[in-house]
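Trainee: The residues making up each chain are set out below.
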Amino acid sequence: MTVKTTIDSLNAPLLQLQQLSIVAKKAPEKLLVDNVSFSIEAGKTTCVVGESGSGKSLTALSVMGLLSKPLQLTAGKVLFNDAENGVVDLSLIDAESLRKIRGAKIAMIFQEPMTSLNPVLTVGYQIGESLTTHLGIKGAALKTKIAALLEMVGIPPSRAESYPDELSGGQRQRVMIAMSIACEPKLLIADEPTTALDVTVQAQILKLLDSLKTRMNMGMLFITHDFGVVADIADNVVVMFRGKIVEAGTKAEVLEHPQHPYTRALLACVPDAEGKKPLQPIDYAWLNPVHITDPVTDMKAMA
Amino acid sequence: MSADILVANHLVKTYTQRSGKFGFGTSLVKALDDVSISLRSGSTLAVVGESGSGKSTLARCLLQLQPLDSGEVLFAGQDLAKMRGAELRAVRKDLQMVFQDPFASLNPRMHVGQIIGEGLLIHAMGSPAEQQKKVIAMMRRVGLTEADMQKYPHEFSGGQRQRIGIARALVLQPKVVVCDEPVSALDVSIQAQILLLLKDLQQEMALSYIFISHDLRVVRHIADDIVVMYAGKIVERGTVLDIYAQPQHEYTRNLLAAIPGKKQPSLEIA
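If you're matching them up, the sequences are chains E and L in order. Numbering-wise (the working numbering), the first sequence opens with residue 193 and increments by one. Numbering-wise (the working numbering), the second sequence opens with residue 968 and increments by one.
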């Protein structure tokens, strides 16, 4: 049974989060995610940017219904536009229907490829698992499909027989990507997919994700703490701070004309490769109520 | 031109790797292949390269945390590679290391005061009261409070733990500090704080740094000189300005091109 809504699926965005709030069951008065709303279009990348503890990973997990037991979604809707079944609210749907969507229509890439792959199964098996579960592909057809997927992410198909420990960090992350795109999901959630990787490998992975997104017309929810990565991959940007969205807009709006002092502070502390900008620690002065500045004059002062 | 405080000549380190079915065969991996570096007194030398290029092996071999196959490491007129036991322990007081992973490099069963003070205890530097004083002063300097002494590492965030790691290394007033990717496990917003702290402490305590990193954005702000490593060899060396302006080696150019956000000049206005 799915909980359908009356929203017209032709005009609705791929994913719409409406006034999402998450608390820890033990401390229900503190909102870990506080009234968060944004939407993702098909074929576009929305970056959620914030420091650790800002609630960006919790937001992503709640889309998949993967919040851990001590946490609870207290309010809000997760509206997923599943073209065939109309718009469904993932926060109300039962476990069985959610399982059918997970992996098939919404897939996720986790932060640490070292810990999120099963060490005792070959990577080929792990990539094939969701294909068998969701699409019923078996035998020779499955092998061909796995080989094609590995090829797509730039790993020699012969490595299907390898175990995760025989691959480098970058290769493991590519395996994670191959797993996630196996069933051609409509929405891909990437939770800091490059944070554990070297810059050269990071650049390759970002390029790969971007080209896959375009080719498969996926919507992508990309979580990161690095504005450098945002500049490379985002179409839209959502900035989170302590569970709240402080700013949202297109990449150009947020990067070139940041309105909120936190966005500016976060942008200012990204080291630049040219060394023109002095190194700056993140500035929380704006949190202090005494320090209220007019955003307009503040912008002028910065320019 | 200031004098060199640490010079390493022709370092070679080979690892034996299991290979073949069930690991019965062996193959040799050259982690350091005739590597020579020199660190000017009071300056920062960055060692840049991707994982597997041998930069962390270099760091460990310089401090003799791993034995070298051949080569010499000259510090204060002595060859560290020839030292053993007590002699080596004594000289380590002047050579300290800040580790990459602030979650794995602090003993979870010791409280922070013990972790930072352990070096003083080992090297018997001053009476217990003096040691206590030094620990507190160092903790204040890196932005921790006296009350933090009784806490355990798990009670701190990543950035704070890295401050503990820095305090632990610097309380001995070393001359050379090897920083092995000190900020790569931290949020970008916290990286700048730690880098600025390292820079300030370098000025105050006249430290010389060897700074290992794969992130050229970070290196740009802290280093004076750079060596670029690839597959166990140094492929390029020079001052920061030269390397960024005119990278000679193909691999250095690749590294520079991989910097996130580089294609977007818009980032600079912020």
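Derived from the structure by calculation, the hints contain no laboratory data. No residue lacks a Cβ here, since even glycine has one placed at the ideal position from N, Cα and C. Hints may contain errors.
[As the list claims (entries may be wrong)] So, partial list: chain E residues that the calculated Cβ filter (under 10 Å) puts toward chain L:
1. M344
2. P348
3. L359
4. G361
5. A388
6. D390
7. Q394
8. A395
9. L400
10. D424
11. D427
12. P470
[What the hints assert, rightly or not] Chain L residues, not near chain E, derived (Cβ > 12 Å throughout):
13. E1017
14. I1103
15. L1153
Trainee: Hint by hint, work out which the structure violates, then give me just those numbers in ascending order.
Mentor: 1, 2, 3, 9, 11, 13, 15
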